[in-house]
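My request is simple: use the sequences and hints to build the entire structure.
In this note's numbering, the protein residues as written are 13 to 386.
Keep in mind that a hint or two might mislead.
Said to hold, decoys possible - Listed below are the simulated DSSO-like cross-link pairs for lysine-lysine, each with C-alpha atoms no more than 27 Å apart in a straight line:
id, residue 1, residue 2
1, K267, K169
2, K231, K169
3, K169, K186
4, K17, K369
5, K186, K228
Derived by calculation from the structure, the hints in this document are not laboratory data.
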Amino acid sequence: MSLFKRSVVSEIMSHAGVVFSTLLIVWLSVLLVRLLGEAANGNIGADVVLGLAAFSSITALPVILSVSLFIAVLTAVTRNFRESEMVVWFASGLSLKDWVLPVLRCAVPAAILIAILTLAASPWAYRQIAEYRQRYEQRSDLSKVTAGQFIETEDGKRVFFAEDPTKPGDQLGKVIARVIDPEWLSVISADSARVETEPDGDRFLILSQGHRYDLKPGKPDLRLFDFKRYGFRLESKNDAGSIKAAREMAERQIKARPTDQLMRDHTDDARSQLMWRLALPLAALNLALLAIPLGAVNPRLGRSGDVLIAGLVALLYMNLINLCRGWIGKGQLSFGVGVWLVHVLFAALMVYMMWRKLRVKAPKDPGLPAEPAS
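Quick look at the structure:
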């Protein structure tokens, strides 16, 4: 028994490590492509891409860990059946139910880690992501301009294109800007630009040696200006105040709220988010145990069908959790029922499947006449 448990735990952990690293690399690859695209479009700063990738990975770890554990148990059980190792264990007096304790040795620590991530680490990571994005939105227009790129701000009311600076003291080289006011559409060009801060804290974007063209859309009105120095008034920002405001805005986002705050908040949205955080550790345990009967396959049959069925069962599990979460958020299902409903159903499914696999068929009636020997 001790040899059996050690071999099962070692195989599950080995498979889980491979699956986890593979899923994490795929996740980071897709995430970095998306974040770099946002940085190229000016939606986020290039200096925060790695930070956002790290925090976003923390939020994805609970699901990645759950899927990795499920696949690891499934592949371990399936391999033992297909390579006829289970025949040896069955001949030694073991049965399929003896897999439960070794699987729980792996699943319980993983579920505890997932619970820590969902209840504490993920909300903190969501707050950091929100603060990163909101602080970037609160920057001045000039800080969002990247040389050689068109950048839109204020929902397209201002569009900038800038070149690299050529003179000492300038923050940008040649600048072209399009500004839409309630009455005028303005096109401004300048040889250089820099930011100046007044004693009262107000900041101005100062353009040097340029031209301004004002047009009234749909009318023949036109104004032309040549200037040596032209200033755009930018919002006065207090760094500490903006960080505090960003944090307060992040707290209002449901995913970023701490778990204790969700427990004190009796709204449907708070209950639905709390249900999701509690559901992932329970789902990890259920899926790990459910993988035992799902992996008990006939070695003479094809392997693709069994793996496909197992994947569909896991996908159905997660979709039902999301469905109950939506019902709780809309007030259509009580929190006390929704937090346990799906897990109880799949736990019952696991018990039923284990019973089917362990069931021994009754022998034939000995009173029946034997077939004549040839």
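Tested hints:
For the hint linking K267 to K169, the alpha-carbon distance of about 31 Å lies beyond 27 Å, and the restraint is violated. Between K231 and K169, the direct Cα distance comes to roughly 20 Å. Compliance with the 27 Å bound is thereby established for this hinted pair. Straight-line distance between C-alpha atoms of K169 and K186 comes to about 20 Å, which keeps the hinted pair within the 27 Å bound. For the suggested pair K17 and K369, the alpha carbons sit about 20 Å apart, so the restraint of at most 27 Å is met.
Under the criterion of a C-alpha separation no larger than 27 Å, the hint pairing K186 with K228 is consistent with the structure, at around 25 Å.
Going through the hint list in order, the structure does not satisfy hint 1, though it satisfies all others.
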